[in-house]
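**Student:** All chains should be built: construct the whole structure from the sequences, respecting the hints.
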Amino acid sequence: MYPIKQKRQLAENILLMKVQAPKIAAKRKAGQFVILRVNETGERFPLTIADADPAAGTITIIFQVAGRSTRALAALNEGEGILDVVGPLGKPTHIEKFGHVVCIGGGVGIAPVYPIICAMKAAGNRVTSIISARNKSLLILEEEMRAHSDELKVATDDGSTGFKGFPTHLLQQMADAKERVDLVVAVGPVPMMRAVCQLTKQLGIRTMVSLNPIMVDGTGMCGGCRVTVGGKTRFVCVDGPEFDGHAVDFEELIKRLKTYAVHERAALDHVCKMEGQAK
Amino acid sequence: MSDTPETKAKRPGRHPMPEQKPLERVKNFQEVPFGYTPETAVAEAQRCLQCKNAPCRKGCPVEVKIPEFIRLIKEGNFAAANRLIKEDNALPAVCGRVCPQEDQCEQVCLLAKKGEPVAIGRLERFAADYGLGEVEKVKVIVAPATGKRVAVVGAGPAGLTCAGDLALMGHSVTIFEAFHKAGGVLVYGIPEFRLPKAIVQSEVEALQRLGVDIQLNAVIGKIDTIDELLEQGFDAVFIGSGAGLPNFMGIPGENLGGVYSANEYLTRSNLMKAYRFPEYDTPIIRGKRVVVIGGGNVAMDAARTALRLGAEQVALAYRRSREEMPARREETHHAEEEGVRFELLTAPVEVLGDEKGFVRALRCQRMKLGEPDSSGRRRPIPIEGSEFDMEVDTVIVAIGNTPNPLIGATTPDLKVGKHGTIETEAATGQTSKPRVFAGGDIVTGAATVISAMGAGKRAARAIHAMLMTKGG
Ligand SMILES: Cc1cc2nc3c(=O)[nH]c(=O)nc-3n(C[C@H](O)[C@H](O)[C@H](O)COP(=O)(O)OP(=O)(O)OC[C@H]3O[C@@H](n4cnc5c(N)ncnc54)[C@H](O)[C@@H]3O)c2cc1C
Ligand SMILES: Cc1cc2nc3c(=O)[nH]c(=O)nc-3n(C[C@H](O)[C@H](O)[C@H](O)COP(=O)(O)OP(=O)(O)OC[C@H]3O[C@@H](n4cnc5c(N)ncnc54)[C@H](O)[C@@H]3O)c2cc1C
Ligand code: SF4
Ligand code: SF4
Ligand code: FES
Numbered sequence: 003m004y005p006i007k008q009k010r011q012l013a014e015n016i017l018l019m020k021v022q023a024p025k026i027a028a029k030r031k032a033g034q035f036v037i038l039r040v041n042e043t044g045e046r047f048p049l050t051i052a053d054a055d056p057a058a059g060t061i062t063i064i065f066q067v068a069g070r071s072t073r074a075l076a077a078l079n080e081g082e083g084i085l086d087v088v089g090p091l092g093k094p095t096h097i098e099k100f101g102h103v104v105c106i107g108g109g110v111g112i113a114p115v116y117p118i119i120c121a122m123k124a125a126g127n128r129v130t131s132i133i134s135a136r137n138k139s140l141l142i143l144e145e146e147m148r149a150h151s152d153e154l155k156v157a158t159d160d161g162s163t164g165f166k167g168f169p170t171h172l173l174q175q176m177a178d179a180k181e182r183v184d185l186v187v188a189v190g191p192v193p194m195m196r197a198v199c200q201l202t203k204q205l206g207i208r209t210m211v212s213l214n215p216i217m218v219d220g221t222g223m224c225g226g227c228r229v230t231v232g233g234k235t236r237f238v239c240v241d242g243p244e245f246d247g248h249a250v251d252f253e254e255l256i257k258r259l260k261t262y263a264v265h266e267r268a269a270l271d272h273v274c275k276m277e278g279q280a281k
Numbered sequence: 018m019s020d021t022p023e024t025k026a027k028r029p030g031r032h033p034m035p036e037q038k039p040l041e042r043v044k045n046f047q048e049v050p051f052g053y054t055p056e057t058a059v060a061e062a063q064r065c066l067q068c069k070n071a072p073c074r075k076g077c078p079v080e081v082k083i084p085e086f087i088r089l090i091k092e093g094n095f096a097a098a099n100r101l102i103k104e105d106n107a108l109p110a111v112c113g114r115v116c117p118q119e120d121q122c123e124q125v126c127l128l129a130k131k132g133e134p135v136a137i138g139r140l141e142r143f144a145a146d147y148g149l150g151e152v153e154k155v156k157v158i159v160a161p162a163t164g165k166r167v168a169v170v171g172a173g174p175a176g177l178t179c180a181g182d183l184a185l186m187g188h189s190v191t192i193f194e195a196f197h198k199a200g201g202v203l204v205y206g207i208p209e210f211r212l213p214k215a216i217v218q219s220e221v222e223a224l225q226r227l228g229v230d231i232q233l234n235a236v237i238g239k240i241d242t243i244d245e246l247l248e249q250g251f252d253a254v255f256i257g258s259g260a261g262l263p264n265f266m267g268i269p270g271e272n273l274g275g276v277y278s279a280n281e282y283l284t285r286s287n288l289m290k291a292y293r294f295p296e297y298d299t300p301i302i303r304g305k306r307v308v309v310i311g312g313g314n315v316a317m318d319a320a321r322t323a324l325r326l327g328a329e330q331v332a333l334a335y336r337r338s339r340e341e342m343p344a345r346r347e348e349t350h351h352a353e354e355e356g357v358r359f360e361l362l363t364a365p366v367e368v369l370g371d372e373k374g375f376v377r378a379l380r381c382q383r384m385k386l387g388e389p390d391s392s393g394r395r396r397p398i399p400i401e402g403s404e405f406d407m408e409v410d411t412v413i414v415a416i417g418n419t420p421n422p423l424i425g426a427t428t429p430d431l432k433v434g435k436h437g438t439i440e441t442e443a444a445t446g447q448t449s450k451p452r453v454f455a456g457g458d459i460v461t462g463a464a465t466v467i468s469a470m471g472a473g474k475r476a477a478r479a480i481h482a483m484l485m486t487k488g489g
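Residue numbers (our numbering), protein chains in the order written: chain A, 3 to 281; chain B, 18 to 489.
It cannot be assumed that every hint is accurate.
Cross-link-like lysine-lysine pairs, in silico, DSS-like; alpha carbons within 30 Å at most [what the hints assert, rightly or not]:
1. Lys31(A) to Lys432(B)
2. Lys91(B) to Lys290(B)
3. Lys257(A) to Lys234(A)
4. Lys257(A) to Lys373(B)
5. Lys123(A) to Lys93(A)
6. Lys234(A) to Lys130(B)
7. Lys373(B) to Lys260(A)
8. Lys7(A) to Lys99(A)
9. Lys432(B) to Lys93(A)
10. Lys257(A) to Lys290(B)
11. Lys290(B) to Lys93(A)
12. Lys82(B) to Lys69(B)
13. Lys257(A) to Lys305(B)
14. Lys130(B) to Lys82(B)
15. Lys103(B) to Lys69(B)
Treat the hints as calculated values from the structure; they're not laboratory data.
**Tutor:** This is the structure:
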C-alpha cells in the first residue's frame, strides 16, 4: 500500500495527490513516471511524477479524471492507500544548458512540464513557459509555473484568462518578434503536440514531446506502448517518454490511443451500474 | 502429452489423462486436464520397471529421483513421493504440468522404446497436487542463520528456486520483482487453463514461510541498480529477470490497433484478468477472427486464449512445417482439438488496416522448405506470387522474446552477449561481475521452466559456497 498523504482539487476534474513512496521520491528525475494499480481489480496506468519531496518521502501526481481508473483513484481519500505504485519509469528528460527553452504545457500536461522547467532552470537556461487550457477554471499550477519560469504566458481557448487562442499562436508571436528559441518542450493532448511540432518544424526549432500511449507494464515487456519515431518502432515506456517531436508519427499514436474506446465506455457503464446498485 | 494412436503398445499403454471436452473447455478458463485419481496414479506407477540405472533421471534437467518417487506412489505413499520430488524440484506441481516431458524424462524412459513411456509428468503432478494439501503439516528444516544477505532479481522460476534454496541454507533472501505479483511467466504468460494461478500462489507462499522477503513493484535498474544493491549490504545478487522483451516482425502495419505481442495479449488476459472484464478493469480486444503468428508454446497459449475470449475463428500462421514447430506436442494437440486452424508454411508480409487504423487483414505468403539453416531446421523460402489475404480483426505476434536490456544497460561491468543474454559460467551462474550470478532465460534466451529452475539451483549452491568460504 502506498498511502495518500494529501489530496487537493486543482481544477474541475483535476486532482493533486501526494503519495508516500520514499524510494521513488529519492530517485526520480524530471520526465519520469509511475505506473499505478488502485485496487485488486484495477488496471495498470501511467502518471507523470509531477514533483517529489525526498525528505517527506512523497511524490506528487496530478491527474485528470478521464475514465474508470482515474475515477477510482480520485475516489481515494487522504489516509487511504494505492495498492501498487511502481517507478520511477522511463528515461529522465535530457537536461543541459540549451539557452532559451520554451516549455509548453496543455491541460493536465502542465503537470509533467512543471518538473521539466524546474530542471531546465537549474541547468542555467532561460525558461519561457506557455500554459494553456480550454478555459480559466481548467488551468492548473499557474502560480508554481510563474515562480519557476523567467516568463509565463497563458492561453485559453475561450479567452477567459490570458491570451485567447492556442499556445501555437503565442509561439508564432515569439517567432514574429524574432525571439531566439533554442528548444521547445511540449506536453499535452496529442493534437496540441502535433500542432506545436508542425509549427516548430517550419521555424526550424528543435522540439521535444512527451508521449502518452496506453501502457501495461511500463518496463518494455509488452510492446503495447509502441510508437513510430523516425520510421522505427520504439517503446515509449523504456525508450521515452520523450522523443524528437519532428520524428513522431502522431497520426498512428492518435489511432492507437483509441484502441479501447468501446471498452472504456463499457467500463464506465459498469461502474455507473455498480454505483447505482450501491445506492 | 498426447496419446498418439500410432504407438501400438504391446504392453498396456499409459493411462489417459481425464480432461475437459474440447467444446466445453473453449468456453471457460478452467484447467483442461483434471489430473489422475489415486487409483489411476497407482495403476500408472505400476507400469514403471524400476530400472536400476534409471535412464529417465538423466533426461530430467534437475534429476528428479523418478523411479523412487514412482515406487512411493505405487505403495500409496503419496505425501512421501511429493517430498522426495521436492528434494530436487521445488515446483513439481508446475513442472508436472508444463515440462516438455516428451523431450526430457519420458523421452528416455525405457518403456518409450517398447511402446509408451511411463507418464512421469502426470505422476509428478499427481504427487505434487496431493502435497499441496499437505504443506501446512510438513515441517521444513531451515539451516541456522548465516547472517548473509542475498538479493534475487525477478520472481520467475529461476529466481524463486534460487531464493528458496538459499533460504533453506540459512541466508536472508530478498526478491525484487518488477510486477505486482510474483511468478514470472507462470503468472503473466502461461494461461490459467494450463497452469492454475492458485498453484503458483501456494508455491510463492511456501517460499515466504521460509522467510524469503518479496519486494513487489521493484524494477531493478530503475529503483536500484545492481551496484546499489551491493552497496546496500547484499553479499551477493542473483539475476533471474527472464527474456521478456517481445520481438516484432518489422512488417508494414504492425502498429495498427488490434495487433498485439503475445506478451501483451497474455499479460492482459492472465495477469490483469482481462478475460473477466468489466469486473476487472483491464480491457482486451475480443476478436472474432484472430490470427496468431508463430509456432511455439507461446503461440499456442495465445491461440487458445483467443478461443476462450470468444473468437469464432483462430488461425495459426507458421512459416515452417509441423515437424519444425517448437511447441510441445500436447499443446499443438490441444489447440487443434479446440479448433485452431494451422496455416503451415505461411509467413506474414503485411498487416492491412481500415480507415480507423484497425486491422482488417493479414497478407501472407506461402513458403517451401529449403536446406537446413544454422539451427538445423530447414529454412523456409518464399514462393513467388503466392500472396493471399487472411481476413482478421486481431493479430497476435508470437515470434519469440529476448532479454530485457534494462539490467545490462545499468550495470556497466556485466558482460552481455550479442542477443542481450548475460554471460555466465555454466556450472555456477557466475557472471563477469564479482558476487553477481545469473540464470534462467536471461542467460539462455527463452527456454523452459525446468531449465530456469536448474540454473537457479546451481547458482544457489555456488552462492552458498562463495558466502561460506573465508572472506565471502
Ligand atoms: C508516460 C505517461 C504519463 C502520463 N501522465 C499523466 C499525468 O500526469 N496526468 C494525467 O492526467 N494523465 C497522464 N497520462 C495519461 C493517463 O495515463 C490516462 O489519462 C489514464 O490512463 C486514463 O485512464 P482511465 O481509465 O481513467 O480512462 P480511460 O477509460 O482509459 O480513458 C478515458 C479517456 O481518456 C483517453 N485516454 C486513455 N488513455 C490515455 C492516455 N494514455 N493518454 C491520454 N488519454 C488517454 C481515452 O481515449 C478516453 O477518451 C500519462 C500517460 C503516459 C503514457
Ligand atoms: C506464454 C509462454 C508459455 C510457455 N510455456 C512453457 C511450457 O509449457 N513449458 C516450459 O517449460 N516453458 C514454457 N515457457 C517458458 C518458460 O516459462 C520460461 O523459460 C521460464 O519462465 C523462464 O524463467 P525465468 O525465471 O528465467 O524468467 P521469467 O519467468 O521470465 O521471470 C522473470 C521475472 O523477472 C521479472 N523482472 C524482469 N526484469 C526485472 C527487473 N529489472 N527488476 C525486477 N524484476 C524483473 C519479471 O517481471 C519476471 O517476473 C513459456 C513461456 C511463455 C512466455
Ligand atoms: S521436472 Fe520435468 S523433466 Fe524432470 S521429472 Fe519432472 S516432468 Fe520430468
Ligand atoms: S526409465 Fe521408465 S520404466 Fe525405467 S525407471 Fe524410469 S520411468 Fe520407470
Ligand atoms: S508498456 Fe509494455 S512495453 Fe511499454
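**Student:** So, for every hint listed, does it hold in this structure?
**Tutor:** Here is what the structure says about each hint:
no.	hint	verdict
1	Lys31(A) to Lys432(B)	27 Å, holds
2	Lys91(B) to Lys290(B)	39 Å, violated
3	Lys257(A) to Lys234(A)	17 Å, holds
4	Lys257(A) to Lys373(B)	7 Å, holds
5	Lys123(A) to Lys93(A)	19 Å, holds
6	Lys234(A) to Lys130(B)	52 Å, violated
7	Lys373(B) to Lys260(A)	9 Å, holds
8	Lys7(A) to Lys99(A)	35 Å, violated
9	Lys432(B) to Lys93(A)	23 Å, holds
10	Lys257(A) to Lys290(B)	25 Å, holds
11	Lys290(B) to Lys93(A)	29 Å, holds
12	Lys82(B) to Lys69(B)	12 Å, holds
13	Lys257(A) to Lys305(B)	20 Å, holds
14	Lys130(B) to Lys82(B)	21 Å, holds
15	Lys103(B) to Lys69(B)	21 Å, holds
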